[in-house]
Every structure is written in C-alpha cells, then in structure tokens.
Amino acid sequence: METLMALVVGALFASGVYLMMRRSIVKLAIGLVLLSQSANLLFFTAAGLTRGSPPLVPEGETAPPVPFADPLPQALILTAIVIGFGVLAFTLVLVKRVYQTVGTDDLDEMRSTDT
Amino acid sequence: MGILAAVLSGFVVAVIAPWLTRWLGDRIGWVIAILPLSITAYLFTFIPAVADGEVRQYSLQWIPVLDVSLSFQVDGLGLIFALLISGIGTLIMFYGGAYLQGHHQLGRFYVYILMFMASMLGVVLADNLITFFVFFELTSITSYLLIGFDHNSEASRYSARQALLVTAIGGQFLLVGLILLAIVGGGWEFSALVDQADVIQDHSLYLPIMILILGGAFTKSAQIPFHFWLPGAMAAPTPVSAYLHSATMVKAGVYLLARVNPTLGGTEAWQYTLTTFGAATMLVGAYLAIQRTDLKQLLAYTTVSTLGLLTMLIGIGTEIALKAAMVSLVVHSLYKGALFLVAGTIDHETGTRDIRILGGLRKLMPITAVGAGIAALSMAGIPPLFGFIGKELVYEAALDMDTWAVALAFIAVVSNVLMVAIAGITGIHPFTGPERETPKHAHEAPVAFWLGPLILGALGLVIGILPGLVDARIISPAISAITGEPVEVTIYLWHGLNVMLAMSAITVALGVVAYVFREQVRNLSNLTWELGRVGSEAAYDGALVLLDIVARGQTRIIQNGYLRFYFLTILVVLVVAAVYPLATYGDIEIAGDLNDIRFYEWGVAIIVLLGAYMAVRAQSRLAAVAALGTVGYGVATIYILYGAPDLAMTQILVETLTVILFVLVLYRLPQFATLSRPSSRARDAVVAVTAGALMTVLVLIVSNVQFEPPISEFHAEEAYPLAHGRNVVNVILVDFRAVDTLGEIIVLAVAGIGVYALLRLRLWEDRTEQ
Amino acid sequence: MTSLILQTAARSLVAVLLLFSIFLLLRGHDEPGGGFIGGLVAAAAFTLYAISFDVPSTRRVLGIRPQMMIAIGLLLAGGSGVFALLTQDPYLTHLWYDLDIPGFGEVHLGTFLLFDIGVFLVVIGTTLLVVLTLSEE
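Chains as they are written, first to last, in the working numbering: chain A, 1 to 115; chain B, 1001 to 1770; chain C, 2001 to 2137.
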C-alpha cells in the first residue's frame, strides 16, 4: 500500500510545483494547495500505513488494540491541514490585493513593481 | 567579583545615562566622572599585590559546553592599561560634558563613551580568548558609533564606516587566529597558553596563527598599510579622539601583541615582522604628520607613528625594549591625551584648528598654555619630563638589537626629530608669537577644559622627576607579564654621559631647527603628497567600489525577481543534492510492491491522480477549483482507509471551506491565461516530474527505514492512564504536545489577522481616496 | 444569493450544525473530534448562514467579533497551562478533577478542556474573520 501512496505523493508534488512555476498568479495558489496535500500525505505514508484501525482506546482497555495507526503523524498533519488553510486564505487575499494594485496577473511583470 | 563589577558597571551606567543627562543638565560630566574615578581607585588597590607578582583571577561560567567563561585576570600588563583607561576616562568624562555642553545628543555621547570604556576595560582584563574577542569587537563598534556621532555629516559617516570595516575585518582574522591558538594550545585562557608556548611555536599552524592574530592587532593599532582609518577617525568629537584614538582603543592592538608575546613571541618570524612593520609605521606616520596643518590631523598621524614605535619595541622583545615600550606607552598616553584636549579647547575657543591661522594665545588662555607646554616638552623628550626617559630607552633598545641596530636607531632618530618639530607646532606654536585674528575671539576656557591637560602634563613632569614612583610598582609587573618571567627594572632620569644622551641632544637640536623652518619642511614634504593617492586608502575605496559592482551583478543574476526561476533553482538543487547521495550509498533498499493493494485503494488513488491532472490542465478557474475539491475529498478518503478519522473529518471540512474561499475570491481574479512558451512549459514539466519521482522514491526508502522505536507507542500506551483520553490523536494535540498546538493556533490567528489587515488596509485607502 | 428554500433550510441546519460542533468538541478526547474539527464545523455553519442571508445579519447572530473570539481562544488555551505552575508542574501539564454527578455517573474534568475550547474558538474566529471580511468586499 505504501508503494501506491508513494506514487500519489509524487504525482501531487509534481502537479503542485508545476503549477507554482507558471506565470499566472492564480495557478500559484492552486499549486500551493496541491503541494500541501502532497506534503501531508507524504508524512502520513512515510510513518507507515495501517488499514482501518484508528488509535482509539476501547472502553475497559488502557491501550488501543495492536496494530493501530500511528497517532503522532496524525496529530501533526491535523494541525498542518488547518494551518495550510490559514496560509491559503492569506495567499488568496494577497493574490487578490496584488492583482488589484498592480493590475496584472503575470508574475513576470510584477518583478519590477517594488523598484 | 569586584573585577566583574568594574568592567560591567560602565554598561549599567550607560543604560541610564540619557536620563541622568536630562536630570543633571550641565553638571552631568562631573557626576559621570565619578564612575571612572572610583574604578581607578579600585584598581589602585591591586598595585601592591600585582607588584609582588600576584595575579588576581575571577571567573564566571558563561557557555560551559564551549569552554567559554567570563574569566578575568589582573596582572601587571592588564593593570597598566586599565589604569590608563579609567584614569584618562575620568578626565574625558568631565571634559566631554563641557565640550558638548548644550548638545542635544549629549546623553547619547555618554551612552557610547561609557560602553566604550567598559569594553576597553574588558579587553585588557579578560583572560578567556572569546571574552577578550567579544570586548575587542565591542570597542570597534562603540568606536564606530562615536566617530559617526555627528551623523548628519557625510564625512563622519564615511570615516565611521571606514574605521569599522578596517577594524572589524581585522577582527575576523583575529577570531580565526584565536580559535586556532586555543585548539593548538589546548586551552581558552591566555594565562594557560603561556605554558604551552613551546608546543604552539613548534606546531605547523604557528605561522598562520601568528599572521591571523597580527591581522587583528595591526588593523586595530593602525599599522601600515592599515593606518589610513585613524586620521579619518578624527571626524569624532575631540574628547573621543583624545580618548579612543590616541590614549586607549588604538593601543588595544599593541596590548594584544604584548599579551600574546609570551605565547607567540621570541621567534624570528615574530621579531622581524613586528620590527619591520613597526619601524615603517613609525617613520611614515611622522612623515605624513608634518604635512598636515590641522591640529587634530597632526596629532593623529603622530599617534600612528607612536603605535609603530610600540609595535617595533615589542618585536625587538628584549627586556630593555619592553621597558622602553611600557614607558613610551605611559608617556604617549599622558602627553597625547593632553595635547588632544588642548586642541579641542583651542577649537572650541577660536573656532579653528588650522595652525596657519593660530598664534599668540598665551595671554588669552594662560592656563591652557601651561598644560599644553608641559605636554609638548614631554613629547619632544626634554628633561626632566617623562618623555625624555622614554626616548633614551628607545634609543638604548634599538642599539641593543643584534641585527638592524643602526638602521632602527637611524629610523628612530629621524622620526623623533619630526616628533620634536610637531610637538612645537601643536603645543607651543598656537600660544606664541603675535596675536592672530581667529573666527571666534578666544577667552580662557572654563575649568573642565584645562583641568585635564594640566593633570596629564603634571603627571608627566612628576613621573619624570621621580620615576621611582612607577618603576617597581607598575612598569616591572607589566614587563614581567609580557616576558612571562619575573623581571625587576629600575628607571633613572639621568643615565650618564653616553651614546643615547648624544642621540637625544642631536634629536632635539635637529627638531628645533625643523620647528623653526616648519613652513619649508612642510612645503618640501608636500612634494610627495600625490604619492598618498596610490596608497592603501585608494585600495580601500577601490575595494568598496568593486564590492558594489559584484553585489549588484550577483543580485541581478540570483535575485532576478522571477518567482518561477527561484522555484526552478530550488527544485534542481534539491534533486541533485538528494540523488547524489542516493546514487553513492549503494545499500539503500527501495521496496516497491503493488501486489497487496485492494481494488478500492486503486480506485481512490486513481480519483486523486485524475483530480491533480485536471487541476493542471484546467482551462478555467472554476474547473481548477472543482479539480482541487476532487483531490481533497480523495485524500480525505485515504485518511479514512488508513485509520485516521480525525484527519478525514478535518480534511473534508477544510476542503469545503477552501472551495468557498476560492469562490469568494475567484470571480475578482483574472481568467486563466497561458503565458509561457511551450519550451519553458516542457522544461518545467520535466523538472516537476523528476522532483515528483524523487519524492516517491524518498517515501519508499523512508517507510523501510526504522532507526528508533517510534515514540508513538508511548503515546498510545500512556494516553489513557496519564491523560484520561481514549482518542490518542486528541490527547497528543491537547496534552502531550500542547505547546506545539498552542504555537500552531497562534500561527493560525496571525494568518487570519494578516488577511484582515490586507483587506481592511485597502478599504481604508479607498475611503481616503473618495 | 437569497433563496427562500436555502434560508429556511439554513436556519435549522445552522442550529443543528452548531449543536453538532459542540458535541464534537466535547467528545473529542475519547472519540474522533476535538477543538479543530468542532471549530471547523461551527465555522462552516456560520459560513452557510452568511451565504444564505448576508454578512451583517451573520454578525448579529454571532454576537461577537471574530477578532475577539481569537483573542479569547488564545487566552483560554494559553491560560489553561498556568494552573500547572501552581502545582510545580511544567507549563501546560493538565490537571484533573473527578466529579461524581448523581444519576449521571463519574465525569472527568480537566484543564485540557479549557485548552480545547481555546483551539475551538481560535479556529472559528480565524475562519470567520477571513470569510466575513472577504464577503464584505
């Protein structure tokens, strides 16, 4: 299963960075989303996958039944997803502001606006 | 403890100096002077013990893992410098208050100068190499701030930067040298390294260490070819020039030479390097001085000359040479401090420092004239002043050398002839002759102006007549510290009729002649004026221009402003940096196995891949957002499949909100457009696919490697017993790693506030435009 | 975007969603859920309301400015760790109290709940701050 997920990670990463290398500024934002999906999934896969047993302690027990999915990367990814959302919101608003101020969506034309 | 307080008290008082200045007004100088005065008094209590050969040490842990401690020691060498620093500092403090009276940044002046004094005390009392270096650099920084004190003047800023660059670059050499020294010598304390002298001098790194440390000392002490920053430093207010750039800071380099002399000195390389540079600096400094007409410039170049003399004497390294060095050190600090203060007073009272305009001030400023006269006589080496003794000892030391004796003695005589003439020009000429018209009509200055020169002049006279006051108590312990062995020296005013006396007589006679014909000498020396333009200062300016060109060029290439090229560069570097080790370490196993995959897993993976492909190929914004949604929900499904319900829920919710966010923003954004050429699209695609493939390979490698047992087991086993939670993921978030989570929600809040600020800022602008 | 059907549905949906978000928040320590997820659900609820009606009425229903929610949330989350200092434990070590409520059973109460409520509020506040400010443009 790791092999398949590794392929998905690679594909998401490639699509993300390809979009971020475009000149159109909206594609930059879309690429960013794909890139963070890829990063989250990379972390999830690299820690090892376990099918269908979430790290929950059943009533009457003190530890989750073995095997259980690794809880630590889940905790880290959970916050990463939410922060990714915050960063995306910021990026989108920034893109919008830049477009309104500069009047172009071509990143190549923006390189001279601060000089 | 007392030593630490003596060093650090300056920093403490510096912090409150602006408020003190506001509160005390014109009396501030006298009050601030109490601090250096009490430090001087405290240092005096060390004299008996140090004279007996004791070394007082004090150490405080600073960075124990790196063997860096705040360790200080008071030995003869440190004490003689510390006394000069705090003693002259006392005079400077009240002189500065009077000189800058009413200046709106007087408080700032005291902040800087107190910090400087504290740093300088740190330099001469530090035992640990790193502590020493930190204080050494602090003196460069405070010197920079003081030279640029008049920051509205372009010349001040230029000079300040020049001084900082030269001394700080030297400081970098010094740091490397000190670290190598500590590694080779096996210790971080000066006092410990003395015993390792043989080991260090036989080591193959000895020569590099010596050159690096000399780099620090020569730049700081303005040795040729690094001398040019010191006359520039005269842009500072005169009390600063008197204190930093003649009496104390520029001697930090000389101090360093003396301090490492028992460790590094005694070799031929050491001896010849120091003697050569020292003698050249002495001669050139005096020669450049005689060309000047500005009082401060004259004094600055003679300071360069004296620094050369001190370097040369330490290089010669015999007992008599070190005796001459220590006596000359004290002599110079006394008379040069006095003459600088007098120059400041003259400037303050007449409005000019040009010797061609000045004259006849003795009647208008009689007390200042007395102070200046005594100091000038000491500088000229006239008996019975201390300067006479110094000059005799210098000649004796030069003649005592095995090789080069005649050459060095000749250079010393020539330099001293010029010094005699300059002593007359700076200390006597402004006060004699007919009264001249000056920009301001001069009066005798207030007591704060003439007290300092008078005290310094009187000290030169008293020590000259009674050298027994200092020889055993102060000079001998200092020489012992430089040689590394106990030494007893006695100093006499009268040496008897000998070669040295004859040389002194010739020097004074020729010097008086040069003084009388000073105009002609200056005109003659001005013929070589043009030579200065191809000197090291021109090299310095050229280097700065070159630096500018290189910086601009590399910025144009590297910081070109094309975001996608930054990205491209990062990816290419990443691929190369990751592939190279993968290819070279042969034993890494990449396990790819597609047999254990269930059909629904294939399904989800294909949906995610299709979504990503659609996002890349989408021709409209809305299609791209829809594709993103597909990817997001697909990834959420993956989280469900592999036991992460919390992640799946979060992902689905965030995905929903993301789509809403895009919709809110998107219709105000431009349509998609294909802007780049097919060739660059192909290039980007190749790089992106390569990087993606690399990620896949890395994941496969990583998921096969297990270095340590995962910490997750602890989390899973202890979640319920310790944290009373059954959902281990949540327990990690709110309990085990709660500090992380706190940091993360702060980031989230910052992002939200950033969005708000970006949008509101625009609304506000719109409103003002309307 | 004012549709009568959407508005009628939204009114009841928002109430249900908010209730659900609090349920998720409270059960988060033992079952999937927690402050992040609960906060996102609540934020989605208010966003739905804002889409169905308009921003001013959403702000009225909300009754508190999102910035204030962020501030209170950070204060709760950061403050929940201070109690540990009273018992000489490291910052953010959570404390526990067993409460026996007659007829309901034993309940664990801990400072972790304060922390999770803080997270909950920050997530709602940030999301709504972004969504509402953007919608007002």
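Read the hints as simulated data drawn from the structure, not as lab findings. Predicted model only: the values in this text are computed from it and were never measured. Accuracy of the hints is not assured; some may be wrong.
As the list claims (entries may be wrong) - With beta-carbon atoms standing in for the labels, derived distance ranges:
id, chain 1, residue 1, chain 2, residue 2, range
1, B, A1673, A, T101, 12 to 20 Å
2, B, R1556, C, V2061, 53 to 61 Å
3, C, R2011, A, Q100, 31 to 39 Å
4, B, V1575, A, V102, 29 to 37 Å
Note that CB positions come from ideal geometry on N, CA and C, so glycine has one too.
Hint check results:
1. One distance hint, 12 to 20 Å for the beta-carbon pair B:A1673 and A:T101, holds here, with the actual separation near 19 Å.
2. Taken as a hint, the range 53 to 61 Å holds for the pair B:R1556 and C:V2061, whose Cβ atoms sit roughly 55 Å apart.
3. Taking 31 to 39 Å as the suggested C-beta distance range, the pair C:R2011 and A:Q100 conforms, at roughly 35 Å.
4. In this structure the supplied range 29 to 37 Å holds for B:V1575 paired with A:V102, their Cβ-Cβ distance being about 32 Å.
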